[in-house]
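Kindly produce the complete structure, drawing on both the sequences and the hints.
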Amino acid sequence: MDDVRISFFTSAGEVKAVRGVSYSLNEGEALGIVGESGSGKSVSVSALMRLLTHPGKITGGKVMFNGIDINCLSTKEINKMRGRDISMIFQDPMTSLNPVYTIGNQLNETIKVHYKISAAEAAKRSIKLLGQVGINNPEKRMKQYPHELSGGMRQRVMIAMALSCSPRLLIADEPTTALDVTIQAQILELITKLQKETGTAILLITHDLGIVTEVCSRVIIMYAGKIVETGSVEDIFYRAAHPYTKGLIACLPKKGGADRSRLYPIEGNPIDLLDLPQGCAFAPRCNDCRRVCLRQEPPRFQTAEGHEASCWLLAERSL
Numbered sequence: 005m006d007d008v009r010i011s012f013f014t015s016a017g018e019v020k021a022v023r024g025v026s027y028s029l030n031e032g033e034a035l036g037i038v039g040e041s042g043s044g045k046s047v048s049v050s051a052l053m054r055l056l057t058h059p060g061k062i063t064g065g066k067v068m069f070n071g072i073d074i075n076c077l078s079t080k081e082i083n084k085m086r087g088r089d090i091s092m093i094f095q096d097p098m099t100s101l102n103p104v105y106t107i108g109n110q111l112n113e114t115i116k117v118h119y120k121i122s123a124a125e126a127a128k129r130s131i132k133l134l135g136q137v138g139i140n141n142p143e144k145r146m147k148q149y150p151h152e153l154s155g156g157m158r159q160r161v162m163i164a165m166a167l168s169c170s171p172r173l174l175i176a177d178e179p180t181t182a183l184d185v186t187i188q189a190q191i192l193e194l195i196t197k198l199q200k201e202t203g204t205a206i207l208l209i210t211h212d213l214g215i216v217t218e219v220c221s222r223v224i225i226m227y228a229g230k231i232v233e234t235g236s237v238e239d240i241f242y243r244a245a246h247p248y249t250k251g252l253i254a255c256l257p258k259k260g261g262a263d264r265s266r267l268y269p270i271e272g273n274p275i276d277l278l279d280l281p282q283g284c285a286f287a288p289r290c291n292d293c294r295r296v297c298l299r300q301e302p303p304r305f306q307t308a309e310g311h312e313a314s315c316w317l318l319a320e321r322s323l
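Residue numbers (my numbering): 5 to 323.
Keep in mind that the hints were calculated from the coordinates and are not lab data.
The reader is advised that the hints may include incorrect statements.
[Claimed, not checked] Pair by pair, the computed Cβ-Cβ distance ranges are: (1) Gly155 <-> Lys200: 24 to 30 Å; (2) Met68 <-> Lys120: 25 to 31 Å; (3) Asp279 <-> Leu56: 19 to 25 Å; (4) Ser170 <-> Leu77: 17 to 23 Å; (5) Thr14 <-> Asn273: 32 to 38 Å; (6) Asn140 <-> Ser221: 28 to 34 Å; (7) Asp276 <-> Gly71: 35 to 41 Å; (8) Asp6 <-> Asn273: 28 to 34 Å; (9) Lys258 <-> Leu77: 46 to 52 Å.
[Said to hold, decoys possible] Below are the EDC-like pairs computed for lysine to aspartate or glutamate, each with C-alpha atoms no more than 20 Å apart in a straight line: (10) Lys120 <-> Asp89; (11) Lys230 <-> Glu301; (12) Lys250 <-> Asp279; (13) Lys61 <-> Asp7; (14) Lys144 <-> Glu125; (15) Lys250 <-> Glu271; (16) Lys200 <-> Asp89; (17) Lys197 <-> Asp177; (18) Lys66 <-> Glu81; (19) Lys128 <-> Glu143; (20) Lys230 <-> Asp89; (21) Lys230 <-> Asp184; (22) Lys61 <-> Asp73; (23) Lys116 <-> Glu81; (24) Lys120 <-> Asp96; (25) Lys230 <-> Asp279; (26) Lys132 <-> Glu143; (27) Lys230 <-> Asp177; (28) Lys147 <-> Glu113; (29) Lys20 <-> Glu33.
For glycine and all other residues, C-beta sits at the position ideal for the given N, C-alpha and C.
Structure (structure tokens):
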């Protein structure tokens, strides 16, 4: 993804949801994209699957996959790529699975679209997939409808569907939303296990920094449609450079200590993407705001190899 810009053209004006986002993902790597609601996480990734709908539009940049510009593909070509080369686990399995078709019907359809095999062979592969993702009695589950399964089981079905054609890239859009802590841990463990077994690259979208430590080796922090910091998990947690990243970490519950029940929220409101400020988008909420922050957007500063952040405070430290 190279300098990608995405806007939504509404009656109120142009909403600049993604503003010059660039990153790469290597084969077999797990990358986490973290940020609050409205930061542009899911919108930026939807460009990879070319799932943007009206009034959304890519206004600049390139979305490359395996050397191919996805925006240049025909509808037929992108349909072949979806599911087979790039798959996605959506946020809410109850709204992603069709309620009027059985689990088996939906799994089989995905496989038959990309492979020329018989219905019996597709069913056999579907049963095996359900077993791999930890669903007991898969033959019975094949005949059931989504509403007959628990939230955790539906999410496992979504993972099985996403992995059914052995994709090179798996996008997980907040895969543990609305799941209890126990099931959440099982889903994350399952994703990590399957990644190691298949070598699939994973792009994990979440608002929870704690989740990325379970799956990812590298992290991107997004705010107001831009990447404000990127680095390894260790860089982000132990050497955070951007005030927004530090604020996210301060929001995490602490174990032990006298102030273990005290949380420190980021004060202020998210920026209005219809009325972007002249300088740094985080400046109105930043306790360390300088005059330059209000006048000019900061460039990226490298604090260490592979660790970059966009903050004028880093320029002061480098003087």
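Index of numbered hints that the structure contradicts, given in increasing order: When the structure is compared with the hints, numbers 5, 12, 20, 21, 24 and 29 turn out to be violated.
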